[in-house]
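Peer 1: Line by line, the protein sequences are chains A and B.
Numbering follows the numbering used here, in which position 175 of the first sequence is assigned residue number 175; successive positions increment by one, without gaps.
Numbering follows the numbering used here, in which position 9 of the second sequence is assigned residue number 9; successive positions increment by one, without gaps.
Treat each hint with caution, since some may be false.
Stated by the list, open to error - Just some of the chain B residues that point at chain A, by a computed CB distance under 8 Å:
id, residue
1, Val2
2, Pro86
3, His188
Everything labelled a hint here was simulated from the structure, so no lab data went into it.
Owing to the predicted nature of the structure, the values given are computational and were not obtained by experimental measurement.
Where is the CB? At the ideal position from N, CA and C, for every residue including glycine.
Number of protein chains: 2
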Amino acid sequence: MVRPSIVLFGDSITEEAFGEGGWGSSLANHYSRSADVVLRGYSGYNTRWAARVAGRAVATVAGAVAAVTVCFGANDAALPDRASAPQHVPVAEYRDNLRAICAMLHRRWPGVVVILVTPPPVDEDGRRRYPYAHDYSGLPERTNAAAGVYARACVEVARQCGVRAIDIWSRMQKFPGWEKAFLRDGLHLTPCGNRVLFEEVVFALKDANLSLEALPADLPLFGDMDPKDPAKSFDDDERVD
Amino acid sequence: MVRPSIVLFGDSITEEAFGEGGWGSSLANHYSRSADVVLRGYSGYNTRWAARVAGRAVATVAGAVAAVTVCFGANDAALPDRASAPQHVPVAEYRDNLRAICAMLHRRWPGVVVILVTPPPVDEDGRRRYPYAHDYSGLPERTNAAAGVYARACVEVARQCGVRAIDIWSRMQKFPGWEKAFLRDGLHLTPCGNRVLFEEVVFALKDANLSLEALPADLPLFGDMDPKDPAKSFDDDERVD
C-alpha cells in the first residue's frame, strides 16, 4: 500500500521548506516512517498565478495525498505602488483564488485535508535592510498591516470553505521580538520561525486525525524487535532473490 | 506528468536524513523544483532484514522513480561478540543481500539508477562515549576496521552489478579530524558529515544524468518572468474555477 503523503503547496515560504531548519524537513523527519512530504513550492508566486497553474502543479504529484498545506498571500500583499508591484493581487481576487484552489484540491483528491496558511507577519525594518535587487527607494515593498489584511481574508476563506487555517501572522506576533527571531529578512523564516510553523502544522494534522500516533509505521520498528530473535518480526515477509 | 523521484533506502543513516542539516533535506532543497526525495529509512536494519522487506518497502512508493540510494552495512558490520550482535550479518551474506536488493530494484523499476552507499567510518572513541543503553562493557560494538570490510564489499558488489557506488567510508577518512567532524556519536552523521554525503550523492546523480541542469524545472521560475507582464509566462494555462 502506498504511503500517504502531505503536499506543501505555496510560494517561497514553502519552496524554502527544506532549507536550513526548514518546516518541511522537520515534517519529513517527524513522519519519517509513516508519511511522505511532497514539496510543491513556487517562489515569488501570488494566488493569481497559483490558481492558473494549480492543476498542472498537482498533476505532478503521484500517490495517496492525505493533506495539502496551501500558503500564499505574502506576494499578493506586496504594495501596488512599490518595488514588488508586479506580484500584487487585490484582496478580493486573493479570496477568489484561494477558494478556487481549495475547490480544485477537493475535486482532485476527495476527502483530502486542506490547511490554509496565512502569510507570515512582515518586519518592515527587515525589508528595508534586505530590499530586492534594483530597489533603491528605501521604502519597504511590503507592510505588516497589508499582510494582516490578507491573513484575515485567508482565515475567513478557510471558514467559508470548511477547511483548516493556520494564522501564522497572528501566532508569530504573540512572541516578543518576533521581528528578528522569526524572520531573517523581514519576510522569510529563520530556523525558529520555521519551528513555529512546523508545530502549527503538526497540531493541524493531529486535529485532522493525521497525527504520528494515528498513522501506522512502515515496517517493524527496531526498538520493538526481540533482540534474541529479531527475524521473528518479519515472519510474514519473503526474502527477495 | 509526475515529477521524477529519488528514493533513499537504508538504515538509520537514511532514516535520519531529514534531521538537522540532513543529507535528505539538502537533496530535497537542491531539487526543490524538479524531483521529489522519498524517504525509506529503517533505523537498526541490516541487509538480512532489508532484503526480506525490500519488496514491501518499495511497494509503498508511488510515482516515477528515477534513482534509489541504498545505504546499509553499518549494522551488518556490528561485531558478532559485542552488544549489537543481533544486528550482525556475515560479509558474504551482506554481499548476497545487496545483490538481491539491486536485482529487485531493477525488476521493479527498469532503468532506475541505483547508487550503493557504503557504511560510514566508525570512530571507536565515539562509540565508547555513546554506547547503546544497557551496554556497560566499555567496548565499542563496532570498529572502523570491520566497517571497512563491508565498505569494500559494497563497492565490489556495485561494480559486479554495474551500479554506482559512493564509498563514504574512504571519502570521509581523507579529512583530518573526520572522527568528530563528521560523526556525532562515532557512527551517525553530524551536519558536516551529512554535507559530505549530500555532495557525493549530487555528484553521483549528475554522473547519471540527473543533475539539476538536466531535469526540467516545474513551472516558470519567478526570476524568468517579465516584470512588466508576468502573466505571459502562463499563457498555456487555464485558471482553475
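Peer 1: Indicate, hint by hint, whether the structure satisfies it.
Peer 2: Quick rundown of the hints versus the structure:
1. Hint status for valine 2 (chain B) relative to chain A: holds, with the closest Cβ pair at about 5 Å, below 8 Å.
2. At a threshold of 8 Å, the smallest CB-CB gap from proline 86 (chain B) to chain A is about 5 Å, leaving the interface hint in force.
3. Evaluation of the histidine 188 (chain B) hint against chain A yields a violated restraint, the C-beta minimum of about 14 Å exceeding 8 Å.
Consistency with the previously given hints fails for number 3 only.
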